[in-house]
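Make the full structure from the sequences, and use the hints.
Residue numbers for the sequence shown follow UniProt numbering, beginning at 1 and rising by one.
Note that these hints are calculated values from the structure, not bench results. There could be a bad hint or two in this list.
[Claimed, not checked] Restraint ranges, calculated between C-beta atoms of paired labels, are given here:
#1 F14 to D37: 15 to 21 Å
#2 K163 to P132: 42 to 48 Å
#3 E6 to K84: 43 to 49 Å
#4 I21 to E126: 30 to 36 Å
#5 V86 to R34: 18 to 24 Å
#6 P168 to I134: 54 to 60 Å
#7 Q79 to F101: 17 to 23 Å
#8 I135 to C166: 47 to 53 Å
Idealized CB from N, CA, C, for every residue including glycine.
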Amino acid sequence: MRYFLEKIYKISGFLSAFCLIASCLIVFAQVLGRIIDKLYKLFTGEIIGLMVPSAADFIGCLLVSASFFGLAFTLNNRQHIRVKIVIEQVGAGWQKRLECFSYSTAVIVSGYFTYYTYYLMIDSLEFSEVTPGIIPIPLWIPQLAMLIGVAFFMIAAIDGLIKACCQPVKHQLLINAE
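Okay, here's the thing in structure tokens:
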């Protein structure tokens, strides 16, 4: 089971990185098109009009996807901004309780978000909603990425909750606090 969970987290992180790289490439293509356009105008006096159609829409979808795909990977690697400042100030017994509480809250909120993101995506499919740009992008596509990302996050939160609540209290934390 651990192997399967780690694969999910790594795939999620890979998808997040891929979306970030793709958005950077679109921005690079857009900037390169403008530079070529300016140089061409400088030498010929005419404008070519090089651009990436619906670049803002594509980048927006990719950044949403990157953000949500990255949630599970970062939570599993303990890179999220957490209540660590508070947790480190209390004793080991309270640390465990606070960890369990914070993971429980994350499971509840992510479960709620997963449920309603699913229905949002279904509505977008049923009503054939698209982006308003030059190239219409069906809204269910970025919403599917949101759904997968937040579902992976919920799995990571459940995993973290189980690890936090089932591990014995670490007495070393008390030594480090002194």
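Hint check results:
Separated by about 35 Å at the C-beta atoms, F14 and D37 break the suggested range of 15 to 21 Å. Checked against the given bound of 42 to 48 Å, the beta carbons of K163 and P132, roughly 44 Å apart, stay inside it. Our hint of 43 to 49 Å for E6 and K84 is violated, since their Cβ atoms are close to 23 Å apart. In this structure the hint that I21 and E126 lie 30 to 36 Å apart at CB holds, the actual value being about 33 Å.
Evaluation of the 18 to 24 Å hint for V86 and R34 yields a failure: the beta carbon distance comes to about 48 Å. At roughly 59 Å, the beta-carbon separation of P168 and I134 lies within the given 54 to 60 Å, and the hint holds. A beta carbon spacing of about 20 Å between Q79 and F101 agrees with the range 17 to 23 Å that was offered as a hint. In this structure the hint that I135 and C166 lie 47 to 53 Å apart at CB holds, the actual value being about 49 Å.
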